[in-house]
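A.B. asks: For the record, the sequence lines run as chains A and B. Following our numbering, the numbering of the first sequence begins with 1 at its first residue and continues without gaps. Following our numbering, the numbering of the second sequence begins with 1 at its first residue and continues without gaps.
Worth double-checking, as some hints may not be accurate.
Partial list, computed: chain B residues near chain A (C-beta under 7 Å) [said to hold, decoys possible]:
1) L44
2) L46
3) Y50
4) S52
5) K100
6) G104
7) G106
8) S110
With a cut-off of at most 30 Å between alpha-carbon atoms, the simulated DSSO-like pairs for lysine-lysine come out as follows [stated by the list, open to error]:
9) B:K61 / A:K57
10) A:K57 / B:K100
11) B:K100 / B:K58
12) A:K71 / B:K49
13) A:K9 / A:K57
14) B:K100 / A:K71
15) A:K9 / B:K69
16) A:K9 / B:K71
17) A:K57 / B:K69
18) B:K100 / A:K9
19) B:K49 / B:K100
20) B:K61 / B:K71
Rather than coming from a laboratory, the hints here were simulated on the basis of the structure. Built from N, CA and C at the ideal position, the CB exists for glycine as well.
Spelled out from the first residue to the last, the chains are:
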Amino acid sequence: NAGVTQTPKFQVLKTGQSMTLQCAQDMNHNSMYWYRQDPGMGLRLIYYSASEGTTDKGEVPNGYNVSRLNKREFSLRLESAAPSQTSVYFCASSLSDGANVLTFGAGSRLTVL
Amino acid sequence: AQSVSQHNHHVILSEAASLELGCNYSYGGTVNLFWYVQYPGQHLQLLLKYFSGDPLVKGIKGFEAEFIKSKFSFNLRKPSVQWSDTAEYFCAGVPDQGGKLIFGQGTELSVKP
Chain A
1 NAGVTQTPKF QVLKTGQSMT LQCAQDMNHN SMYWYRQDPG MGLRLIYYSA
51 SEGTTDKGEV PNGYNVSRLN KREFSLRLES AAPSQTSVYF CASSLSDGAN
101 VLTFGAGSRL TVL
Chain B
1 AQSVSQHNHH VILSEAASLE LGCNYSYGGT VNLFWYVQYP GQHLQLLLKY
51 FSGDPLVKGI KGFEAEFIKS KFSFNLRKPS VQWSDTAEYF CAGVPDQGGK
101 LIFGQGTELS VKP
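Just chain A, same shape as in the assembly (with noise of 0.2 Å):
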């Protein structure tokens, strides 16, 4: 039972690096969210996929893209890290949107210098 797996779980990129963070989940689930975690913010979402071949922008989507590459994988790219993107990312899956319980990854937390 995977459920909900996120690569890398720590990275450490320098101002203006791009990375892309990957998500996978094998539950067969329609929609795919990403989370940002900061101190006394909660989780914020930043994008969001209802169903494969949609993507929709959340609360804080400015620095970020994400490709719902399939059902199955949704990843989110920081095209030119900033030291305000310093945070813990989750990757989160439901069935559906609205009344569907979300299955989370583990996390990658992410240090941008």
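Mind docking chain B on chain A? Use the hints.
C.D. replies: Just chain B, lined up with the frame of chain A:
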């Protein structure tokens, strides 16, 4: 704008004390509400959820929450906390018809043995 607010940022209790964590939401229409928990070093997992019906919902590990529509609240309660309940607790909401799951800021609970 849709939002979820948690009033308490850090709560410290002794074992066997009673717990109530506040959560308020602002949504038009029917809303689905959740409480998630994040134990130290782990990813988020579902504690309980409310979709419709009985406004008092019971979750895992003796937790319960009451949906009070007139107060736009969904407070989490437990009659007697244990040291193992030390964690961060997140309230979250999403419109019933679908869309973005929005989280509150989180409440860190520390239980002293």
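A.B. asks: With reference to the structure, classify each hint as holding or not holding.
C.D. replies: Against the structure, the hints:
1. The interface hint given for B:L44 is met, as the beta carbon of that residue sits about 5 Å from the closest beta carbon of chain A, less than 7 Å.
2. About 5 Å separates the beta-carbon of B:L46 from the nearest beta-carbon of chain A, less than 7 Å, and the hint is met.
3. Hint status for B:Y50 relative to chain A: violated, with the closest Cβ pair at about 10 Å, above 7 Å.
4. At its closest, the beta carbon of B:S52 sits 9 Å from a beta carbon of chain A; the interface hint therefore is violated under the 7 Å criterion.
5. Hint status for B:K100 relative to chain A: holds, with the closest Cβ pair at about 6 Å, below 7 Å.
6. For B:G104, the interface hint holds, the least distance from its beta-carbon to any beta-carbon of chain A being 5 Å, beneath 7 Å.
7. For the restraint placing B:G106 at the interface with chain A, the shortest Cβ-Cβ distance is roughly 4 Å, inside the 7 Å limit, so the hint holds.
8. For B:S110, the interface hint is violated, since its Cβ never comes within 7 Å of a Cβ in chain A; the closest pair sits about 15 Å apart.
9. For a cut-off of 30 Å, the pair hint linking B:K61 to A:K57 is broken: about 35 Å separates their Cα positions.
10. Proposed proximity of A:K57 and B:K100 is supported: the alpha carbons are some 9 Å apart, at most 30 Å.
11. The straight-line distance between the Cα atoms of B:K100 and B:K58 is roughly 24 Å, inside the 30 Å bound, and the hint therefore holds.
12. A C-alpha spacing of about 26 Å is found between A:K71 and B:K49, which places the hinted pair at or below 30 Å, so the restraint holds.
13. For the hint linking A:K9 to A:K57, the alpha-carbon distance of about 24 Å falls within 30 Å, and the restraint holds.
14. Taking the CA atoms of B:K100 and A:K71, the gap is near 18 Å; set against the 30 Å cutoff, the hint holds.
15. Among the hinted pairs, A:K9 with B:K69 is inconsistent with the structure: their alpha-carbon atoms are about 40 Å apart, more than 30 Å.
16. Proposed proximity of A:K9 and B:K71 is contradicted: the alpha carbons are some 40 Å apart, above 30 Å.
17. Taking the CA atoms of A:K57 and B:K69, the gap is near 28 Å; set against the 30 Å cutoff, the hint holds.
18. For a cut-off of 30 Å, the pair hint linking B:K100 to A:K9 stands: about 25 Å separates their Cα positions.
19. A threshold of 30 Å between alpha carbons decides the hint, and for B:K49 with B:K100 the separation of about 16 Å falls inside it, so the pair holds.
20. Between B:K61 and B:K71 the alpha-carbon distance is near 26 Å, which keeps this suggested pair within the 30 Å criterion.
When each numbered hint is compared with the structure, violations occur for hints 3, 4, 8, 9, 15 and 16.
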